[in-house]
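Now for the letters of each chain:
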Amino acid sequence: MRNRFTTAALDSGALLFGTAKFPLTRRGVTIGGGSVIPEINFTLPPMDVEQGSMEEVKKIYLEMIDSVCRRAVELHQREIIVEFELLPEMTLNPVWGEEITALLQRSLEEFLDRDGLQSLLRITPVDIRETSKPPRRREGREVDTLFDAFRRCARAGGDMLSIESTGGKEVTDPSIIAGDLRGIIFGAAILGSADMEYLWEQICSIGKETGSIPAGDTACGIGNTAMILADQGYVPKVFATVVRAVTAVRSLVAYEVGAVGPGKDCGYENAILKAITGFPMSLEGKSAACAHFSAIGNIAGAYADLWSNESVQQVKLLSGMAPVVSMEQLIYDCRLFNAAVNKGSAGDLRDLLVDSDALLDPQAFILRPDVVRSLAKAIVAEREDYGRGVRVAWEAVRLMKDAASHGELLISDREGSWLERMELELNGLPATSMQFVSEETERWSDAFDCTQYLVETHA
Amino acid sequence: MDLLQDIALNVQSGYTEKTRKAVEQAVAEGIPANDILHKGLIAGMNVVAERFKTGQMFLPEVLAVAGAMKAGMTIVRPLLEMTNHESLGKIVIGTVRGDMHDIGKNLVAIMLQGAGFDVVDLGTDVRADKFIEAVEREHPDIIGMSALLTTTMVHMKGVIEALEKKNLREKVKVIIGGAPISRNYAQEIRADGYARDAATAVDLVRTLLNSTRATAAV
Ligand code: B1M
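Residue numbers (our numbering), protein chains in the order written: chain A, 1 to 459; chain B, 1001 to 1218.
Don't take every hint at face value.
To be verified - Dumping the calculated BS3-like pairs for lysine-lysine here, alpha-carbon to alpha-carbon at most 25 Å:
#1 Lys1165/B <-> Lys1130/B
#2 Lys1039/B <-> Lys1070/B
#3 Lys1130/B <-> Lys133/A
#4 Lys1039/B <-> Lys1021/B
#5 Lys1157/B <-> Lys59/A
#6 Lys1070/B <-> Lys1053/B
#7 Lys316/A <-> Lys1039/B
#8 Lys58/A <-> Lys1157/B
#9 Lys1090/B <-> Lys1018/B
Everything labelled a hint here was simulated from the structure, so no lab data went into it.
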């Protein structure tokens, strides 16, 4: 059952790192209860993952968890979150995912017993539904295997369940490349939301069954793809910004069917989702440059209840292995966040994080608390996903234009013309969801199988 | 103005209808199809590619221009086929086994097509045997592999070994790319080239094909 948010939980003044309206406590760790906790993620160096290499794979995971926990203890860190982002083979062979989860959880328990290091483990299976072509999203072997992976990892010690789901990607991929906002609204707000509703109902029921927390999703496959393409100069940044705003509509659905946070680190839409839901969120910024570049290194921190490195592979740097380097960076970032909270200066630090980025890039600008609040309000003002997608896109375009004209945002002329282009596109959209869905289903009929989404195309 | 120049300018501006008309006129005036292709359509696309490379255009704008190129090609292609025209080069491309990241590979394919090459896209999660089948079926000049994961990049080596086993390695060049890939890795697995982005992939393909053709001509 989907319970739609109709109001935003937090005003812009209350939007702050370390503090969520609805904090979450498990095994002695509270997320969003007044402090920011580092969330570390690590992955394998170049190697094949197969039956024959599983012993080596486990050995590397053990080395990684052991070394990051040790560094945390040395730096007097009392709480950490570890994310185990399964690789495709570990989801396709759920027993491997289960075994690694168990190994990580065992290690975390040892550090708790021996050193008092408190921790929670997030598990993130891969959305392997795309392995079948065209993707079968609601039935078939991949779907069964995916849920089996969730179940096994949850039982093996996964405290929190997450996924980077890819519903609608068949349409959003080509739409990002073509700068097609209409396609983005269809792929993300309509197809993405329909898929999220199905998927997260299942994940939430696995959460109930296993006692794990259904945490949240990320629109990485849409928002971050557009962001990286903008960074490489392929698409305008203002376009990637509107894409990000629209992705909030689909990621919100997880919380409307029962997820309770913390949303997954690479979802920068989490700022908007925190404003709507009041649930704690994970975010990443400058200390995730090991995984990908971004224009929002500081400002993303304004909303972080967990502060993440996204991912780094086990390679040697001058100081030590890369995951340990990430652990140290995250711990120092969190010390600063938490010192500001303890001194009563959290609002000041938040403003510095915001001010240092917001002017320079539209993708940072839309993470300004006042802007986040406006976008959140635009989404909850509408009931239907179509209305939400269109309204939040309009709002993002309007706010960027406004800010640019007041010198609060730097946009080149070339980028500016894309704001006009997107306005035109939004103006040309049909009035009703039904009509829009019919038109777009027809337009994309070669690209996706509408039976996998069950969206209504006629009255 | 020279009709071929006119075609190039229309392509650069993304004028689909004007390009079509100019190409039709060029054909009617008896200009060889090969000249229409190289001195008209491709010359126009090259200017666009350069603008894109130097950050003066975004990809969606390039794609709009590619529509004009396509309109011209629809008229010219059958004529080229009649004259035994030699293709600029054929590339078979895919993301390797276990990897579903496709945007980077798609961009490389788009840019190669825009530059006039024939591209066969095998999609994502492509196993070594599928690459081999495609080489046997399509006889490409180059195969291109993309990988975004540290745990899938290792499959590139497997494809090269499979080509060697089938005695196909001498017949095709191999290029690779993707976030975890480096020039060193390309050398390590004996690929013929590495490109860091889609625009340099086009340059790399041109260089490799020129050197193959130069060698073949010797
Ligand atoms: C043939 O010749 C050539 C020549 C040049 C070539 C070439 C071939 N191929 C590429 N190039 C070059 O030209 C292109 C254009 O300039 C460039 O292509 P790129 O692809 O590099 O650039 C694109 C234009 C834009 N870049 C991207 O779209 C990738 C961005 C990041 C953030 C990313 C995204 C968006 C996605 N992901 Co993925 N993803 C990440 C990425 C971070 C990163 N550092 O890359 C990475 C690669 N992912 C990662 C992971 C872990 C995963 N991802 C997964 C899924 C996804 C999404 C579906 C959500 C989405 C896919 C988008 C898409 N349509 O491809 C999962 C795996 C899915 C699978 N089976 O493959 C999953 C396992 C996560 C999970 N648990 O679900 C990490 C890899 C870790 C590792 N061990 O290597 C990662 C580094 C992010 C991270 N967590 O740090 C060049 O590399």
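Right, here's what the structure says about each hint:
1. Lys1165/B <-> Lys1130/B: holds, 14 Å
2. Lys1039/B <-> Lys1070/B: holds, 15 Å
3. Lys1130/B <-> Lys133/A: Holds, at about 15 Å.
4. Lys1039/B <-> Lys1021/B: Given pair Lys1039/B, Lys1021/B holds - Cα atoms ~16 Å apart, limit 25 Å.
5. Lys1157/B <-> Lys59/A: Holds: Lys1157/B and Lys59/A sit about 24 Å apart, inside 25 Å.
6. Lys1070/B <-> Lys1053/B: holds, 21 Å
7. Lys316/A <-> Lys1039/B: Violated, at roughly 51 Å.
8. Lys58/A <-> Lys1157/B: holds, 23 Å
9. Lys1090/B <-> Lys1018/B: violated, 29 Å
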